[in-house]
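Number of protein chains: 2
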Amino acid sequence: MIKIAILGYGTIGSGVVEVLNTNSESIAKRAGDGIEVKYILDLRDFPGDPMEDKVIHDYDVIANDPEVEVVVEAMGGVEPAYTFVKRALLAGKNVTTSNKALVAKHGAELIAIAKEQNINFLFEASVGGGIPIIRPLNSSLTADEIEEITGILNGTTNYILSKMTFEGLEFADVLKDAQSRGYAEADPTADVEGYDACRKIAILTSLVCGQQVDFEDIYTEGISKITADDIKYAKAMGLVIKLLATSRKTKEGYCAMVAPFMLSQQHPLYSVNDVFNAIFVHGNVLGDAMFYGSGAGKLPTASAVVADIVDIAKHLHKNILISWSSKKMDLVDKGRSESRFFVRSAEDKEKVQSLFGEVEFVEVPQISGEVGFLTGKMSEEEFEKKADGLNVIQRIRVV
Amino acid sequence: MIKIAILGYGTIGSGVVEVLNTNSESIAKRAGDGIEVKYILDLRDFPGDPMEDKVIHDYDVIANDPEVEVVVEAMGGVEPAYTFVKRALLAGKNVTTSNKALVAKHGAELIAIAKEQNINFLFEASVGGGIPIIRPLNSSLTADEIEEITGILNGTTNYILSKMTFEGLEFADVLKDAQSRGYAEADPTADVEGYDACRKIAILTSLVCGQQVDFEDIYTEGISKITADDIKYAKAMGLVIKLLATSRKTKEGYCAMVAPFMLSQQHPLYSVNDVFNAIFVHGNVLGDAMFYGSGAGKLPTASAVVADIVDIAKHLHKNILISWSSKKMDLVDKGRSESRFFVRSAEDKEKVQSLFGEVEFVEVPQISGEVGFLTGKMSEEEFEKKADGLNVIQRIRVV
Chain A
12 MIKIAILGYG TIGSGVVEVL NTNSESIAKR AGDGIEVKYI LDLRDFPGDP MEDKVIHDYD
72 VIANDPEVEV VVEAMGGVEP AYTFVKRALL AGKNVTTSNK ALVAKHGAEL IAIAKEQNIN
132 FLFEASVGGG IPIIRPLNSS LTADEIEEIT GILNGTTNYI LSKMTFEGLE FADVLKDAQS
192 RGYAEADPTA DVEGYDACRK IAILTSLVCG QQVDFEDIYT EGISKITADD IKYAKAMGLV
252 IKLLATSRKT KEGYCAMVAP FMLSQQHPLY SVNDVFNAIF VHGNVLGDAM FYGSGAGKLP
312 TASAVVADIV DIAKHLHKNI LISWSSKKMD LVDKGRSESR FFVRSAEDKE KVQSLFGEVE
372 FVEVPQISGE VGFLTGKMSE EEFEKKADGL NVIQRIRVV
Chain B
12 MIKIAILGYG TIGSGVVEVL NTNSESIAKR AGDGIEVKYI LDLRDFPGDP MEDKVIHDYD
72 VIANDPEVEV VVEAMGGVEP AYTFVKRALL AGKNVTTSNK ALVAKHGAEL IAIAKEQNIN
132 FLFEASVGGG IPIIRPLNSS LTADEIEEIT GILNGTTNYI LSKMTFEGLE FADVLKDAQS
192 RGYAEADPTA DVEGYDACRK IAILTSLVCG QQVDFEDIYT EGISKITADD IKYAKAMGLV
252 IKLLATSRKT KEGYCAMVAP FMLSQQHPLY SVNDVFNAIF VHGNVLGDAM FYGSGAGKLP
312 TASAVVADIV DIAKHLHKNI LISWSSKKMD LVDKGRSESR FFVRSAEDKE KVQSLFGEVE
372 FVEVPQISGE VGFLTGKMSE EEFEKKADGL NVIQRIRVV
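Protein sequence lines correspond, in order, to chains A and B. For the first sequence, the working numbering gives the first residue as 12, with consecutive numbering after it. For the second sequence, the working numbering gives the first residue as 12, with consecutive numbering after it.
If you are wondering where the hints come from, they were derived from the structure by calculation, not from laboratory data. The reader is advised that the hints may include incorrect statements.
Identical copies go unnamed one by one, so any copy, or any two together, can satisfy a pair.
[As the list claims (entries may be wrong)] Okay, derived cross-link-like pairs now, DSS-like style, lysine-lysine, Cα gap no bigger than 25 Å in a straight line:
| id | residue 1 | residue 2 |
| --- | --- | --- |
| 1 | Lys396 | Lys126 |
| 2 | Lys362 | Lys40 |
| 3 | Lys338 | Lys325 |
| 4 | Lys388 | Lys345 |
| 5 | Lys236 | Lys260 |
| 6 | Lys65 | Lys14 |
| 7 | Lys65 | Lys388 |
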């Protein structure tokens, strides 16, 4: 029997218990041993809960119990998660976490400690919820140079944009609806401003390049300024607007960004709607691949955490190599990253052409008093320079 | 340096050499050691080829060379691949293969030998080409009971159906075009009649249930009888026709089938077009997931083979557990599997209703002298019984 301790008995922590109970037999078969929850650490008590007698309030009990081989960190936030996880690893206990903030900030260090201790620090659930992406990157896509990784990594914003697209609604109205359904938090900033997706693409980019990518270095733009009119323009061009978290390997280095993009129907992420997430990967020999599924939610996320527990059980006292050193990767300056731009401007067509040369104008019957157009491919820097003389209402990148 | 031997210097064998050369540095880093091709077994010589001096014609040289730690089987077909692979494993050499026929027929036995020898027999490329699916099933989706696995597993048929859909062409014309582009073989039977997809779903089902599923037991129907008129009906209903290879866990056991199906836009496989493949998975805690990419082609397939080599290098003398015993899994009789059916009949609506009760009739302006309709959900058995009195022109299952 492998004894585990769960830190945090919230949505994910209780999901882990539920998954372990629901599929106990098949999990034991795959892990090669049964999995038993010995402790649940939480500030609260859970009177009447079947796990009531496992709940403790003092982390020392877990850290000092040599029987505990796996610590499941499901508290969220950087502290005290970081302190607890580091202490567990230093005590020779394997760790799995669903905590993107922790992994983005301290992943490299925690991976290094696990390696030294010849144990494992796994974090499949920290990106893409239930979608297997960390393990495939680490152990399936090993023959490739990953040249691009682009994801719809936040379910809340994808739900909002899908709803705006299908129902023609404004951002603020859909946000309210999403909050009432529990798809958006009371303070939705981390989701709608792209901060959540930013941490996730920082993790993916670190894994792809094998070095530390600081999320603070990634240019991040949310969806709160996307309007129903923008969606109308997108529809007129046969495009959809998605919040993408993307990183590309260029000759100069890695470019990463989180921002709303317009996508054509040919793009594999085009039809990823509602709360679903997906990660598109382009490898230099593999070509295009995509991984799709539930990016959040109690059971899908817990499914990924428990898969980590099974992997840990199969690799007790054997470190699974994860290439992510603490050496910092300097990203290419955002100004050098290239794309096409869709622009709405209060100027007239002549002014636009005088600044941008030949562009494709886009007409939407219901919208007047402005001009919409699509530029050719150019760098961010070049775009900023050209758009400087223009009264810009909106600009959205196009892939 | 890890020394490998490649059996067969055709498309995939030469692809493996190309991938190893292209990404040699990153592959060595991930494998923990460099990979060197020591022998290439082929009946032919390759004068002028950079690998010319590695080419040998006698398998004994490989089997008897203790330096060779990994054998890459890229010959295809059951024999002599089976004899060679078995002999390699018994000699303590790890094996990776892209050969679905071999894996479907002898997978359980070869996995058991590898386990006894504490080495590995891996076969990521045998299903879905470059798409990581075998390894994710085996090591990522381990917290779940997989309740359904449904794939577009054959690129040739998906190309043909996509082309028929987008251009309104007949099967025979598109097949000719596919042959001229090299997307279909001179004898296209294995692809268009579903035999290729059948072997692949047999492999996936064996992995999901942990027992031997014989491909001969899987009901298999190809796409050669799909017509431009069928596509018109599908379009009228907002559906697309795809060749699906599917297996489901029901209360009575596993049901598996290969057949053309009509899919709605809500289905994640709806927008998988051209030569792309994708595998949809439903887990009892994960929910829906999908894996998408290049299901064939030299480099994508070789990418998966080389990923197996890397995994083998990381697990030298340590068996990676794969649950697939030789104990036979009896599939549920096809007659008990359930779906809706789309039917075209030469009878009139009254006759249809007298046999099927309430149905949804489908009209296509250009088609007359027949009636198209959609049944409710029923078993295959029940459908056959009801359709017995009907002059059926076509029937296609609907999911």
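Status of the hints after comparison with the structure:
Proximity of Lys396 and Lys126 under a CA criterion of 25 Å is satisfied in neither setting, with 48 Å inside one chain copy and 63 Å between copies. For the identical chains of this complex, Lys362 and Lys40 are neighbours neither inside a copy (69 Å) nor across copies (54 Å), given an alpha-carbon limit of 25 Å. In this homomeric assembly, Lys338 and Lys325 come within 25 Å of each other (Cα to Cα) only across copies, at 24 Å, whereas the closest approach inside a single copy is 30 Å. Within a single copy, Lys388 and Lys345 get their C-alpha atoms as close as 15 Å, which meets the 25 Å cut-off; across copies the closest is 54 Å, which misses it.
For the homomeric pair Lys236 and Lys260, neither the shortest alpha-carbon distance inside one copy (29 Å) nor that between copies (46 Å) is at most 25 Å. For the homomeric pair Lys65 and Lys14, the shortest alpha-carbon distance inside one copy (12 Å) is at most 25 Å, but the shortest distance between copies (51 Å) is not. Neither within a single protomer nor between protomers do Lys65 and Lys388 lie at most 25 Å apart by alpha-carbon distance, with minima of 58 Å and 46 Å respectively.
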